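Engineer: Using the hints, position chain B against chain A.
Listed here are the chains, written in short residue letters.
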Amino acid sequence: MKYIPKYLFTIIFCVGILGSCAEKQDFDQLDDLEVTPTTEASILYVETPERIINQVSGINFYSQTFNFDAFSEEFFADNVLDGVVTYEVENTTSKPLDITFEFLDDTGNSLDSENFTVNAAPTAILQREIAYGPAGRSLDIIRNTSAIRVSAINLGDNTSVSALPNPTVFLRSSAKFRIQLK
Amino acid sequence: MIRSLVLFITLIVGYMTIHAQNKEVLYDFIEIPQALMVNPGMNTIYNWYAGVPLISGIYVQGATSGLTVNDIFAADGLDINQKVRDRALYSLSKRDEVNGIFQVDILNGGFRGQKDPANFFSFGMYVEGYALNYWPKDLAILAYEGNADRLGQRFDLNDLNASGQLINVLHFGINRQIKNNLTLGARIKLYSGIVDINSTNNSGYFETTAGQNNLLRNTLVSDMRLRTSGLEALLDANDNGGGIASLLTKRGLFGGDPGLGFDFGVTYNLNKQTVITGSLLDIGLLYHISDVTNYTLEGSASIEGVEIILPEALGDPNADFWEDLVNEIEELVPFEENSKNYVTLRPIKFYSSIRYNFGKQGEPTEVCDCENQTDSSDRSLYYLNSVGGQLYAINRPRGPQFAVTAFYQRRFAKALALKATYTVDKFTASNIGLGISVQAGPVNLYIMGDNLLAYGNIADGNYASFQLGLNIISWEVN
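Here the protein sequences come in this chain order: A and B. Under the working numbering, the first residue of the first sequence carries the number 1, and numbering increases by one thereafter. Under the working numbering, the first residue of the second sequence carries the number 1001, and numbering increases by one thereafter.
Pulled out of the complex, with its shape left as it was, chain A reads as follows (with noise of 0.2 Å):
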C-alpha cells in the first residue's frame, strides 16, 4: 500500500512527458504569410531662383536628366506592387510656368511623363499624385526607369521680378511603393 504513491508518482510522470503531444500545427501556413511593407521617401527636389529664369534667355530656362538608379535597383524592381507618386509645384516667381517630369529608361526613351502649367504668383501650390500598379499606370514604367528629365518653360517674360520675397519656383517630389518581401 505504502509503494501506491511512488507508483502513481511515477506513472502520473511518464505519462506525462511520454504522453505529450501537441495540437495540429499547420505550418503550410507560412506560405500564405505576406510580408509587404509600403515605404515612402523622397525622389527629386529642384529649386531655381527668379533671377536664374530671368539670365537664361529663350523659354526653356532649364532641361536636365538626372540619373535615378532606385527604382531599377534589383531588388525593387522585382518586388514592387503598386504605389504612388507624388508631385508638388510652387511658383512664387512674376512668371507663369510650363514643367514636366519625365521618366526615361536607359536608353534615353521617355516611359512616362507628368505636365504641370503653373500660373505667376500668387498661385496656389500645385500637387498631382499619380498611382502605379493594378488601378493605375504600368508598373513596367517604374520598374525601366533608369533616369529623370524635368525641362521647364517660361510662358513669361525676363525682367519681372516678384514682389515677394525670394522669388523661386520649387518642384518637390516622393514616391510611396509596396514592396512585397514574402
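It should be emphasised that the hints constitute simulated quantities derived from the structure, not laboratory data. Bear in mind that the values here come from a model prediction, so they are computed numbers and not experimental data. Built from N, CA and C at the ideal position, the CB exists for glycine as well. Treat the hints loosely; a few may be bogus.
[Claimed, not checked] Only pairs whose alpha carbons sit at most 30 Å apart, straight line, appear in this in silico DSS-like list of lysine-lysine: (1) LYS1115(B) with LYS1414(B); (2) LYS1094(B) with LYS1083(B); (3) LYS1272(B) with LYS1426(B); (4) LYS1094(B) with LYS1426(B); (5) LYS1179(B) with LYS1414(B); (6) LYS1250(B) with LYS1340(B); (7) LYS1360(B) with LYS1179(B); (8) LYS1094(B) with LYS182(A); (9) LYS1272(B) with LYS1115(B); (10) LYS182(A) with LYS1179(B); (11) LYS1360(B) with LYS1414(B); (12) LYS1340(B) with LYS1094(B); (13) LYS176(A) with LYS1094(B); (14) LYS24(A) with LYS1179(B); (15) LYS1272(B) with LYS1360(B); (16) LYS24(A) with LYS1426(B); (17) LYS1083(B) with LYS176(A); (18) LYS1115(B) with LYS1179(B).
[To be verified] Taking CB as the label site, the calculated pair distances span: (19) PRO1397(B) with THR107(A): 49 to 55 Å; (20) GLU1323(B) with LEU181(A): 24 to 30 Å; (21) ASP31(A) with VAL1104(B): 30 to 36 Å.
Structural biologist: Chain B alone, transformed into the frame defined by chain A:
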C-alpha cells in the same frame, strides 16, 4: 545549409532571447550529483560518482514569452497574416523573448578527498549552446508595415538584441564541509568558445518626417554592430564540403576563444530540519580572439532625395546627383567590417532556497570513525519529505529575470526520490515540474520535465525543459 540555418536562426531568433535556464527541479536535488553544477556548495552525500559519458547530463529548454507556436500555426482556419499582426506585431513588446538552450555533459565525475573527507571534488566537461533574441518590435513593424504614413514615428534600432553562442566548458570544483552546519563550494570553469554571434547594445533610430526642402526627410542615426567569432570558419568549412566536426572539436578543445569563469555556492543548516542554500554561477567572460569578423553601421544621415539647387548645381553639368547621394550616405553611415577582438560576459545566475525536512525515516546506519569522516549534517536523506521555496535570478541584457519556485520532495529510502515544483516566471505562471531520481544499486538515473501542464499541447506552451542523466554512484563512506 549552414547559411540557411543561420538565416533561419536569425529570423526566428529575430524574436528571441535565451538563458531562462532555470533548473529549478535539479536545484538542491542532492540525490543527483549534477545538482552540484547549480550549487557547488551543496551537501554532498556520495563517496564518488561517475557520469556515463555523453549521457550523464542532457538538458534542453525552450521558452517564449507573449507568443506560442500554437498562436501562429494552429490549424484554426484564421488568416496567418491577421494572426501575425494581432498576436505578434502589435502585441509583443521589446521585452518579450524566445530562447532555447542545450547542455550536454561530455564527462562528469566527483570523488571525496582521501586525506580530508570533508572535501569533495568534482570535475567534467560539457558543451552548451544557446540562441537568444528579444522581439525587435520597431524593426518588425518597419519590415512588415513600412515607414509610409508614419511621419514622426521613430523606429528604435535598440530593439535589435540577439545573440547565440556555442561553447565547451572544462570545470573543476571543490566542495568542503566547513562545519557541521556549513558547506561551501567553488568551481573554476575554463571556457572555450566555438561560435559566437551577437548584436546587442545597438542604438539609434530611423525616422521619416516632413522635409525641409522636399516632401519627406528620412533620417537614420545608427550605432549598430554584429560581432561574430568562429562563424566564418564554420561557413567556409560548410562551403568546402566538410571538416565541420574537426573544426568544432578543435575550437571546443581550447583552439577557439578562451574564457574563465567561477561558480560559488553555500549550504547552511539552520537546524536539523531546516536548510538554506545559495549559489552564484557563471561569473566569467569569454575573450573572442579567433576568427573574429564584426560588422558595424555607425553614423547619421538625413536625406530628402536628389536635391538640385540652382545656380550651384549648374557648376558641374556632368554631375551624377544620384551617385553623389548614394556615396554621401555611404560616407555618413558606413557599413564596415573589422576583426577587432571583443569580450562577452557570461550571464550570471543566482539561486537560493530554503528547505524544511519532515517525516523522519531513520538515522544514518553507517558506522564510522567520525573524527576522520565527514558528518553531513544535512539530514535530508533521513527525512521522507522536504518542502520549501527557491528564488532564481539571471542577468539579462534588458534587466534581470526572476523566478520563484515552491517545491515538495518525497523520498523512498535511497531507491527513489521525487521532486515536484511550481514555478512562476515571466514565461508562465503555471509551471509545474517533476523530477525522478532512481537508484538501482550503484546506478542512478534521473529524469526531469518542466511545465508539464503544457505537455498536453506543447505547441501552446511558453516554456518547456527536459533533463536526464545516468550516473554510477558510490554512497559508501570511506
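Engineer: What hint numbers does the structure not satisfy?
Structural biologist: 3, 10, 14
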